[in-house]
Amino acid sequence: MSSTSPKIMWKPSKELLLSSQIAQFINFISEEGVDDFHSLYNWSINQPELFWLKVWDFCGVIAKERGSVVLKSDGTMLNSQWFPEAELNFAENLLTPLASAKKLDEKVIIFWGEDKVKREVSLDELLSTVRKIWWLFKQEGLSKGDRVAAYIPNIPETVFFMLGVAANGGVWSSCSPDFGTEAVLDRFSQITPSFLITTDGYYFKGKVINIFDKVKEVIRRLPSLKKVIVIPYTGSVQEKDYPEKCISLNSWLDLAPSSESISISYTMVPFNSPLYIMYSSGTTGKPKCIVHGVGGTLLEHLKEHKLHTDISEKDVFFYQTSCGWMMWNWLVTGLASKAQLVLYDGYPLLNNNRILFELAESAGITVFGTNARYL
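The numbers in our numbering rise by one with no breaks, and the one at position 224 of the sequence shown is 1414.
Hints may be right or wrong, so weigh each one.
Straight-line alpha carbon distances no greater than 27 Å define the calculated BS3-like cross-link-like pairs of lysine-lysine that follow [to be verified]:
| no. | residue 1 | residue 2 |
| --- | --- | --- |
| 1 | K1435 | K1416 |
| 2 | K1406 | K1416 |
| 3 | K1417 | K1435 |
| 4 | K1204 | K1528 |
| 5 | K1435 | K1334 |
| 6 | K1416 | K1478 |
| 7 | K1404 | K1417 |
| 8 | K1308 | K1416 |
| 9 | K1244 | K1204 |
| 10 | K1430 | K1204 |
| 11 | K1334 | K1395 |
| 12 | K1406 | K1476 |
| 13 | K1262 | K1297 |
| 14 | K1476 | K1504 |
| 15 | K1417 | K1493 |
| 16 | K1328 | K1244 |
| 17 | K1254 | K1334 |
| 18 | K1297 | K1417 |
Because the hints were derived from the structure by calculation, they are not lab data.
Construct the entire structure; sequences and hints are all you get.
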């Protein structure tokens, strides 16, 4: 065996270390006797309530009320509740920090649908569209705890809709469009969604994949649906061919007043209210629903983004994911750290494996996430 030490490919400078958010956090809690990573680690384990309270303060969580109780527990995990008196809104915690850091004409999302669709979304477009979606869902009667299902690719509209649903206190659950009909129904039939967000198809390996026959079957077998909003992503299906309950995104948005006349009133929900419903793999029977709460999701993502990954408004943040994987949810919370998001939908090895490197160069990606299979 060689005794040669492995070559260090990259090492952060002292200046970078000192300016990192984890260094700022250590300074923020210095009165607790924390002065380096190891003492921070030990303190977080020994003082979990104080640790999460300080994470809340450091990350600037926006809430109607936090309350005086950090953890209500009988000593067991299942009967433990974090911040049981707190009320907040997830979408507000993503959009308000972003709007404070960016100009309206600044791009906040870069999107590539393989090499077929390339698009930039400004802060103005993001806020304007979310305001309309929030207003329309309110008119449709969406309220706290109502489920909205999405059978959809990783496109900007997916982000818009999730934020509009969360702004109303609704619950979001998504599946990737490559899922078969039965796989989608195994998941969505358990949550009785009131609304379905979907599309006509998606791009994969340079081809248009039409999913509308699958969409029709999903609609037919989900009687709880009040309305289905179809995003005309590939243009492969005309609105006149939509089944009952369906409306195109553009036609639906046209029902709203001008975005300038809409002022979002974020619905406050308890810290432990549901935000996302995700699913187990389904390898041992039907997929099991996994509920993620509003406050826990927000606080954990903020900790991971700011302290673990050092994501800030200077970053261009990418993760290769579909909407059927939890990394999509993790990526979108990057808006709370004021980062610009990069979305990619399609085959990741397009153009002789170069497509994601081309995207990274074009967008100026500073944080690049992918999966083990890609590597």
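Within a Cα-Cα threshold of 27 Å, do K1430 and K1204 meet the stated pairing? Violated. K1430 to K1204 sits at ~62 Å, over the 27 Å cutoff.
Quickly compare the C-alpha distance for K1476 and K1504 to 27 Å and report which way the hint goes. The hint is violated at about 42 Å.
Hint consistency between K1244 and K1204 [alpha-carbon to alpha-carbon, up to 27 Å]: holds, 25 Å
Hinted pair, alpha-carbon criterion (27 Å max): K1406, K1416. Please report holds or violated. holds, 14 Å
Would the hint linking K1406 and K1476 be met if the CA-CA limit is 27 Å? Holds: K1406 and K1476 sit about 22 Å apart, inside 27 Å.
Can the restraint linking K1435 and K1416 be considered satisfied, given a maximum Cα separation of 27 Å? holds, 7 Å
Under the criterion that the straight-line Cα-Cα distance not exceed 27 Å, is the pair K1417, K1435 satisfied? holds, 5 Å
Between K1262 and K1297, is the straight-line Cα distance small enough, at 27 Å or below? violated, 42 Å
Check the hint pairing K1254 with K1334 against an upper bound of 27 Å on the C-alpha distance. Status holds; Cα separation ~16 Å.
Pair hint outcome, K1328 versus K1244 [Cα-Cα no greater than 27 Å]: violated, 35 Å
Run the distance test for K1297 versus K1417: straight-line Cα separation, threshold 27 Å. Violated, at roughly 31 Å.
Within 27 Å, alpha carbon to alpha carbon, are K1417 and K1493? Violated - the C-alpha atoms of K1493 and K1417 are around 36 Å apart, more than 27 Å.
Of the hints listed earlier, those the structure fails to meet are numbers 8, 10, 11, 13, 14, 15, 16, 18, in rising order.
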